[in-house]
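The residues making up each chain are set out below.
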Amino acid sequence: MRLSDKSTTIEAAIAGIADGATVMVGGFGVPGTPFALIQELRRQGQKDLTLIKNDANEAGMGIDHLIAGGQVRKLIVTHIGLNPHAVARMNNAEIEVEFCAQGILAERIRAGGAGLQAILTDIGVDTDLAQGKQVVEMNGRRLLVETALRADVALIHAARADPFGNLAYAATARNFNVAMAMAAARVIAEAETLGPLGTLSAEAVETPGAFVDHVVALGALSEEYGIVRR
Amino acid sequence: MRLSDKSTTIEAAIAGIADGATVMVGGFGVPGTPFALIQELRRQGQKDLTLIKNDANEAGMGIDHLIAGGQVRKLIVTHIGLNPHAVARMNNAEIEVEFCAQGILAERIRAGGAGLQAILTDIGVDTDLAQGKQVVEMNGRRLLVETALRADVALIHAARADPFGNLAYAATARNFNVAMAMAAARVIAEAETLGPLGTLSAEAVETPGAFVDHVVALGALSEEYGIVRR
Amino acid sequence: MSDARSRMVARAAREIRPGMVVNLGIGLPTKVVNHLPADFPVCLHSENGLTGIGPTLPDETADRNLIDAGGAYVSTIPGSAFFDSVVSFSLVRSGRLDLTLLGAFEVAGNGDLANWKIPGKFSPGAGGAIELAQKARRVVVMTTHVDRKGNPKLLAACSLPLTARGCVVRIYTDMAVVDITEAGFALCELAEGVSAADVRAATGAPIAIPDTAIPTF
Amino acid sequence: MSDARSRMVARAAREIRPGMVVNLGIGLPTKVVNHLPADFPVCLHSENGLTGIGPTLPDETADRNLIDAGGAYVSTIPGSAFFDSVVSFSLVRSGRLDLTLLGAFEVAGNGDLANWKIPGKFSPGAGGAIELAQKARRVVVMTTHVDRKGNPKLLAACSLPLTARGCVVRIYTDMAVVDITEAGFALCELAEGVSAADVRAATGAPIAIPDTAIPTF
Chain A
1 MRLSDKSTTI EAAIAGIADG ATVMVGGFGV PGTPFALIQE LRRQGQKDLT LIKNDANEAG
61 MGIDHLIAGG QVRKLIVTHI GLNPHAVARM NNAEIEVEFC AQGILAERIR AGGAGLQAIL
121 TDIGVDTDLA QGKQVVEMNG RRLLVETALR ADVALIHAAR ADPFGNLAYA ATARNFNVAM
181 AMAAARVIAE AETLGPLGTL SAEAVETPGA FVDHVVALGA LSEEYGIVRR
Chain B
1 MRLSDKSTTI EAAIAGIADG ATVMVGGFGV PGTPFALIQE LRRQGQKDLT LIKNDANEAG
61 MGIDHLIAGG QVRKLIVTHI GLNPHAVARM NNAEIEVEFC AQGILAERIR AGGAGLQAIL
121 TDIGVDTDLA QGKQVVEMNG RRLLVETALR ADVALIHAAR ADPFGNLAYA ATARNFNVAM
181 AMAAARVIAE AETLGPLGTL SAEAVETPGA FVDHVVALGA LSEEYGIVRR
Chain C
1 MSDARSRMVA RAAREIRPGM VVNLGIGLPT KVVNHLPADF PVCLHSENGL TGIGPTLPDE
61 TADRNLIDAG GAYVSTIPGS AFFDSVVSFS LVRSGRLDLT LLGAFEVAGN GDLANWKIPG
121 KFSPGAGGAI ELAQKARRVV VMTTHVDRKG NPKLLAACSL PLTARGCVVR IYTDMAVVDI
181 TEAGFALCEL AEGVSAADVR AATGAPIAIP DTAIPTF
Chain D
1 MSDARSRMVA RAAREIRPGM VVNLGIGLPT KVVNHLPADF PVCLHSENGL TGIGPTLPDE
61 TADRNLIDAG GAYVSTIPGS AFFDSVVSFS LVRSGRLDLT LLGAFEVAGN GDLANWKIPG
121 KFSPGAGGAI ELAQKARRVV VMTTHVDRKG NPKLLAACSL PLTARGCVVR IYTDMAVVDI
181 TEAGFALCEL AEGVSAADVR AATGAPIAIP DTAIPTF
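Quick mapping for you: the protein sequence lines, in order, are chains A, B, C and D. In case it helps, this note's numbering puts the first sequence at residues 1 to 230. In case it helps, this note's numbering puts the second sequence at residues 1 to 230. In case it helps, this note's numbering puts the third sequence at residues 1 to 217. In case it helps, this note's numbering puts the fourth sequence at residues 1 to 217.
Same shape as in the complex, but just chain A (with noise of 0.2 angstroms):
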């Protein structure tokens, strides 16, 4: 026995990505966003996006290219204060945004990649975070129905895979591309270095190659991947 290679071309990943589609984006700040395949959708222009991400990246960077060139229907998100862009998109009404708690929208995904259909929480039942949610009484407790989240795509960044799509992350780059790497119906995964099998020895894996659909190589890295000089 032997794995597959499921290693591919940038433009073929991204070119099964249809108009409408559900992407999740890993990445928290800079550290673990797909940069390079975010670029790859802004060139081939799919739209009516839903994003699901942590954070909107900042005005210029990541997603936002999405949000200008007007492929983003609706951001599923934690917080998008970095981005003045995206709020101004949002207060216009001109994209749909969707608020979480940080780590509900971790366990979200988290249950979607798991197969399960909800998780039932405490978090956030006294917030306005709470409005239209389903709520269930347990043990005389009041808790929300907090729903799995799935996507027909996710985008992932890795610091190292191997062509069967086994991945490892840098750093704080892990962030929300654990979770989103076992929550899609295609996974795509960029990686800084991609070895031959054997590269990641079965200890360093982080995300199993069982989860992972396309694995695609990066060259030189773009100035978006760098350090932020503020």
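Simulated from the structure, these hints should not be mistaken for laboratory data. Incorrect hints may have been included.
Derived DSSO-like pairs: lysine-lysine, alpha-carbon spacing no greater than 30 angstroms straight-line [as the list claims (entries may be wrong)]: (1) D:Lys31 with D:Lys121; (2) A:Lys133 with D:Lys121; (3) C:Lys121 with B:Lys133; (4) B:Lys74 with B:Lys133; (5) A:Lys133 with A:Lys47; (6) A:Lys47 with A:Lys74; (7) D:Lys149 with D:Lys31; (8) B:Lys133 with A:Lys133; (9) C:Lys121 with C:Lys149; (10) B:Lys74 with C:Lys149; (11) A:Lys74 with D:Lys121; (12) C:Lys31 with C:Lys121; (13) D:Lys149 with D:Lys121; (14) B:Lys47 with B:Lys74; (15) C:Lys31 with C:Lys149.
Following the hints, position chains B, C and D against chain A.
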């Protein structure tokens, strides 16, 4: 800033367990079973325990010592077929046994460790395992409420640790240890090697020490840890 | 292993298509790997936390920390990955398992499977069977056609507690390959030396027999 | 930073006890680390996936993949651990965070906290604030005593959307240290040069003033 030292003796660590405690025990078969912590619990003799574990080990091994010693009131497990002694005790109503689907036991423990109250799942909805469980309708589907499990104490086996309680595991010894190490009020880890802070790189840590209360260094491993010759 | 069983195992191995992620149940299903070519592209999953199961090792060279879900000492191959039980069943429940081959006590013509409990006799717990049966994209059973007493295991309805409802799509036995269709059992192939009438007699429910020539294995 | 603010930060740093796991909110709370001795045993948590936050680094030596939740380039210390957002908030929600220091728009005498939304003006999303406020074992606020217009931020009831109900137990301001008790606000300490009457005038709800001498910071 520096991180605190949680290393202690096996006697002191186990002495914190009270009669009547609920105790999670890592392992799936031999790999990952904390045999030394179990032996110390056998020696100290705490009674009326509820054990949460994947399996009941085999007759004469691991938690079977606690069952044979009359220390166990109840097991919450997925499969005890390799321990005919435990099956006999169950059939004679000498211990109570609650069975879970294996991945649902893992998820219930994980939910406890994640501070969730429950998960909603369709797993087992058509089976005996659904009996007595709360049902929630969501989008017209009947789902089981599988409640989160937390324990007073979790007994964890790690391959490597540092004094802050950062842990790493070997091969298939991860199994239930990773989730259990997050799901108890008092988490006790035994480690085959315990090195100074920095022994484990930040990337190599699989259980962050912030979840762990006590770390015990193992000396020479007992025969129970070895290859099972059949 | 009897010759008929060996041929059943060899035939079942052809269920596995290149690139699949597959979980092989404990017992007979595990043996299908012996019938795959050395360079066959497949990812075997073990629910205790391994993708990319390599060859079974003798005690002398075994790693005490590396077993499959049946307790056999296995090994890794290039690209293997270790993970915990939570991730392992996330893979199963989220639909990433293309195929599982499972044993059975009873299979019904509507695809119901019973393979974990015989009330009053055998109730060691379901382990991972419920999630495998309920969530693998394709659930295939391998079993002797009748039990040790000669009673049929393919039935109109299961009498034992279910593992999962309507999950089985195909059954490999020592007598036949049987599909489960909207209309119930349907004979597909016959073991060498077995007739359609033999299969019908050994099956506890109606079984459709094709008019055309039936392939043998 | 004004002298009063500096002293507030220094005073708040004494909230941190040896061995605690602590999350410091973005802004002023982050600055309390500058007041801890170099060998002080504490584990700082950043919700984007790090325990054991080390010193902030200049751009020249920063690791592009290593930031805190506020986007600052930080470093590791011996024993640091990286993890994903799921594990990070598991730590928060399961009660492993001993203390969080948070900013506030409004705090009520019953411990209610509002710090994430000003309808019509500021609604960028709550990020991790709700879970920190609702689940840390001890939730302490650091804030100026009044807003830029001079309006009190310590109120009888919050007018803004809540972050969490009844979570705050203590407030450090540039004028005072205020506890939240069953009876509401209670003055504990005064900033140098500030009188109890000043604090009462700047507080938008009844505040208990002790009869005895009030320590200053």
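Cross-check of the supplied hints:
Pair hint Lys31 of chain D plus Lys121 of chain D holds up; C-alpha atoms about 27 angstroms apart against a cutoff of 30 angstroms. Our distance criterion of 30 angstroms between C-alpha atoms is met by Lys133 of chain A and Lys121 of chain D, whose separation comes to about 25 angstroms. Distance hint between Lys121 of chain C and Lys133 of chain B is fulfilled; the C-alpha atoms sit about 25 angstroms from each other, no more than 30 angstroms. A threshold of 30 angstroms between alpha carbons decides the hint, and for Lys74 of chain B with Lys133 of chain B the separation of about 19 angstroms falls inside it, so the pair holds.
With a C-alpha separation of about 28 angstroms, the suggested pair Lys133 of chain A and Lys47 of chain A falls inside the 30 angstroms cut-off, and the hint holds. Restraint check: the Cα-Cα separation between Lys47 of chain A and Lys74 of chain A comes to about 11 angstroms, which is no more than 30 angstroms; the hinted pair holds. Taken as a hint, the Lys149 of chain D and Lys31 of chain D pair is honoured in the structure, with Cα atoms around 24 angstroms apart against an allowance of 30 angstroms. Of the pairs offered as hints, the one joining Lys133 of chain B and Lys133 of chain A holds, with about 22 angstroms between alpha carbons and a cut-off of 30 angstroms not exceeded.
A hinted pair counts as satisfied when its Cα atoms are at most 30 angstroms apart, and Lys121 of chain C with Lys149 of chain C qualifies at roughly 16 angstroms. For a cut-off of 30 angstroms, the pair hint linking Lys74 of chain B to Lys149 of chain C is broken: about 36 angstroms separates their Cα positions. Note on Lys74 of chain A and Lys121 of chain D: the hinted pairing holds, with a Cα-Cα distance of about 21 angstroms set against a maximum of 30 angstroms. With a C-alpha separation of about 27 angstroms, the suggested pairing of Lys31 of chain C with Lys121 of chain C holds against the 30 angstroms cut-off.
Proximity of Lys149 of chain D to Lys121 of chain D is assessed by CA-CA distance (about 16 angstroms); at most 30 angstroms being required, the pair is judged to hold. Straight-line distance between C-alpha atoms of Lys47 of chain B and Lys74 of chain B comes to about 11 angstroms, which keeps the hinted pair within the 30 angstroms bound. Distance check on the hinted pair: Lys31 of chain C and Lys149 of chain C sit about 24 angstroms apart at the alpha-carbon level, within 30 angstroms; holds.
The structure shown violates just one earlier hint, number 10.
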